[in-house]
Amino acid sequence: AQKITQTQPGMFVQEKEAVTLDCTYDTSDPSYGLFWYKQPSSGEMIFLIYQGSYDQQNATEGRYSLNFQKARKSANLVISASQLGDSAMYFCAMRETTDSWGKLQFGAGTQVVVTP
Amino acid sequence: DSGVTQTPKHLITATGQRVTLRCSPRSGDLSVYWYQQSLDQGLQFLIQYYNGEERAKGNILERFSAQQFPDLHSELNLSSLELGDSALYFCASTREGGDSLATDTQYFGPGTRLTVL
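Here the protein sequences line up with chains A and B, keeping their order.
Per the numbering used here, the first sequence starts with residue 1, numbered consecutively.
Per the numbering used here, the second sequence starts with residue 1, numbered consecutively.
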């Protein structure tokens, strides 16, 4: 069964606007971590932000913030003030502490295109 | 720059051949994970090593094998290559062995793009 679901295959956003990328997950593990990675067209995977299942506050890293709703099992990424350089594929991933020494399980990704 | 290095960046080879992909983790990281990214399967975990020992296996084919050396660099060996093995292969490293509270961020190398003709 799919553990990470990203329902938006692609989206356009105008420069300087905020964009929300959806991510829902499925786990019965009480302790887990949620990660977002960015993959530009050059191919590398860049770590953006982390949210732990026991964290009381939503994670923030610069223009990136995570809207973590544990009861709904969602961990949406919010990018504020979009820039042209934000155009990339974005992946949500989960790591469960009880599973296979912490492998990451990825969603299918969301392609973001930022327009001037 | 994540601090994880992978070589080569690109590899083009023919079906039936064997290749070796190399990964050097970040300084101080003991754990290496290998992932495959293909168009049809997305990002999939292959195998993990911690301090020289295999710790977890994912969807890794029998034609594929890996090892981690005493200096902690890792190699992924792909043999009897098929067209469907064409993909982007990533390694990622973390400091610990994965048994901490899901807080150990995996930092990815730039990947090796394998094309099998």
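For the record, the hints were derived by calculation from the structure and aren't laboratory data.
Even glycine gets a Cβ: it sits at the ideal position worked out from N, Cα and C.
One or more hints might be untrue.
Not close to chain B: a few residues of chain A, all C-beta gaps over 10 Å, as computed [claimed, not checked]:
(1) Lys16
(2) Thr24
(3) Gly43
(4) Gln69
(5) Ser74
(6) Gln83
(7) Gly102
(8) Gln105
With a cut-off of at most 30 Å between alpha-carbon atoms, the simulated BS3-like pairs for lysine-lysine come out as follows [claimed, not checked]:
(9) B:Lys57 x A:Lys73
(10) A:Lys70 x A:Lys3
(11) A:Lys70 x B:Lys9
(12) A:Lys73 x A:Lys16
(13) A:Lys3 x B:Lys57
(14) B:Lys9 x B:Lys57
(15) A:Lys73 x A:Lys3
(16) A:Lys16 x A:Lys70
Now for the hints, and whether the structure bears them out:
no. : hint              : verdict
1   : Lys16             : holds, 28 Å
2   : Thr24             : holds, 16 Å
3   : Gly43             : violated, 5 Å
4   : Gln69             : holds, 18 Å
5   : Ser74             : holds, 17 Å
6   : Gln83             : holds, 20 Å
7   : Gly102            : violated, 3 Å
8   : Gln105            : violated, 7 Å
9   : B:Lys57 x A:Lys73 : holds, 27 Å
10  : A:Lys70 x A:Lys3  : holds, 15 Å
11  : A:Lys70 x B:Lys9  : violated, 39 Å
12  : A:Lys73 x A:Lys16 : holds, 29 Å
13  : A:Lys3 x B:Lys57  : holds, 18 Å
14  : B:Lys9 x B:Lys57  : holds, 24 Å
15  : A:Lys73 x A:Lys3  : holds, 11 Å
16  : A:Lys16 x A:Lys70 : holds, 29 Å
When each numbered hint is compared with the structure, violations occur for hints 3, 7, 8, 11.
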